[in-house]
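So the protein lines, in turn, are chains G and P. Residue numbering for the first sequence follows numbering that gives the first Met the number 0, beginning at 0 and increasing consecutively. Residue numbering for the second sequence follows numbering that gives the first Met the number 0, beginning at 0 and increasing consecutively.
No lab work stands behind these hints: they were computed from the structure.
Each computed DSS-like pair below joins lysine-lysine, with the alpha-carbon atoms no more than 25 angstroms apart:
(1) P:54 <-> G:137
(2) P:367 <-> G:137
(3) P:74 <-> P:15
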Amino acid sequence: MSPGSDLAVAARAASRVLGASCFEVFAREAATLELVLDRRGHVQRRQSRERGVACRLQRGEALGFGRATGLPQEAGEHAARLALATVSHDHEPLPPAAHLGAVPTRHHPPLGEEALRRVFETLAENPARREVEVALLKADTLLHRSEGFTAHWTNQLLLAFWQQELAPGLRVAFRRAARTPGELTMPSALDLVTQPPRIALERPRGLARVLLAPDVAAPLLVLLARSPQLSAARPSPAWDLWDLRHGEEAFLPMACDGEGYPACNLPLLVPKASAPGRSVRKGASSRGAVRVPWDALPTPNPVHLWQRETGEPLPQDGLAALVPVSEVVVEGGGRFRLLALVAELSEGTVAAWGVLPVAGSLRRLTTSLLATAGKVEHVALGCVVSTPWLWVANLEVG
Amino acid sequence: MDGFSPLADLVARSRKPDRELFFWQELRVAFEARERKAVRVAARLREAVSVRDEKALAAMDGCSREQVAALLSVKPKSVPAFSWDGELQVPEPSALATQLPSLPLTVGVTTSRVVVVRGDGVFAATRPVVVDATNNAGETFSWVWGQPVPPMAEATAGKAAPPSGRFRALLRPQPAAVLCHELFGHPLEADVFFSGQSPWAGKLGTRVTAAPLTVVDDPQAQLPGGFSADDEGEPGRPKALLNGGVLAGVLADRSYGALAVKAGNARRASPHHPPLPRLSNLLSWVEGGDPTPPLGEATVEIVRVRSGAVLPGENAAVLAVSESYTLSRGRRKAHLAPFFLRLPLAADGIVGGGGNPEPVAEPGWCHKGRQLLPVGAAASWLLLAGVEVA
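So here's chain G without its partners, still in its complex pose:
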């Protein structure tokens, strides 16, 4: 039975339980193949097949939401029964059927285990890289509404995670995403570290212009995309940040969003000429909501953040945050704080480095982007983030 027909079986099973009600079935099947080099240097092959169904049932102003995993028929029936059992108030209603629609999606040629193995071997052959994991994720998604609307699309993504020893005892983590092995980008921040510097960077706390490497910029872009304050500040003209959901450059193209609205690319921080009147996405809008993870309610989360590169070379001197070494801590008022490996660049190489706090506010990040530099790199977080280096003024360092 093909995956597509499994999803149809699940949707039919749910429909039978829900009868003549107004409902929505979201079914997903994902196959993941992983090759892992663990901390002990052992290689393990992992494969996983996940099948799940999420049902939303509308009854007047109330809604029930049930999810289940398992064989298609059982999962469909369980999810529908749980939706019947949880009908309650204050849920967002299902979108009107007249607004539902789908756009065509492009399928990339399927990758096989051999391609994955080649990526794994290339990454694992460098002894500085530890705990290497590469994964090939293939997902098949179906959204069905009781009024007759059905959309179906597939995705494929290659993920690579590893730790790299930059100096004795100093290991940092990298996470990358690609559609094909050739698209996998290596961290250009590592090119600056020709050898560990002998001088420890120490500087008094203060505002500075800082180059943010893609691995540092990526989690900040995710915060920015999720922030309701996105619409409150006038973005600096260097921004050209989008959330891609379809088209040539989208890593995770979809036929429709998590509720059945036709998929469209969302301008987040863009020059007005690119998207007249839509320079900023309104976080409160339900259009563009996605399910992260698949069994969550649709919410306005990013899918593939993409900041345009300008092709400018990296500045040769100044402060650069190369890699995050802590999670980003979010404080009140849109302030963020993280610890990063910060380097003093001199003539294009690292003259001194140290682990220092980097802090600021999302508003300041929005208004203080001076320029971008270097090539786009594709970072895997809860979503994909494609970004070049960001040169930002007025960040607090030290």
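Here the structure of chain G is known, so what remains is to put chain P in place on it, guided by the hints.
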């Protein structure tokens, strides 16, 4: 458990001594609490099975004979019938909502069960029903259903700058629990410890804190990380990690048996993930310690932190402080802005602590290897010397 007993022979016949089947079922009901009423209710039932040996892991959603047959590459007819005993149950959201504070909260209540089938037997594990609640600031609290509901107010940040230079800090139970989790929990997980990434590698049996601090991982405690048997079927028992300030033990799964480390600490988020040595509930106290914190001996009082970590290559632990105050003669003076607190491991470190651990509800979840698991903690106050702002 009886429902799975016939499968032991099937695994034994596979002639792979380390082969293991892992069955898992989880029910989670989530809702939003508004003025002690439950709205936006949702429910999720997940079940899956995996087969694992030393070199491979294969997992599928669902727990049927067909799936077991596919995973073992045998005909479905050769898989004996098996079933779970009864259905999973959780408390009614409306009943739970009446017990919560009247804050806006996003609430989840989760119950799960697992069965491990190995060639040498079938091992079922029970786990507590865990409630988690997240406030508007994104702070998550968790506790075992039936235990007292913890306070869930948001941490409050001030505006004053933290002091410069090295100083003494008094940690209240929540930051003390996070520090023990990061400093003595993760670094004493066998995969971290034996890979050379732990600051404690090669130091078992040596004193590492000035105060006689004891840290015990206890899956039997009535806290969110508990289990009767771990995810490899080994019984869940308390294990001392630090005994009177001396490093005493390592958390391990069965794969570390050759290193003579006792197993019983393997945990996994689902059958789709491999088991790893993980913390369960971490209890920390100083034997005979004064229950009253010595506010007069510290410059800064740390009340709440968001997270913590051991910094790579820095030989230091760091806490992301969200609520703290300067102290003068034992009284709160300035309300401090958030900052990172650094504890160099080579310094005097932990110089004092209380003897009365109390349950700590925040944060109740722990990430490792992209697996999120509930963990519990009970801690008393700690006094740190030689700390500084990062």
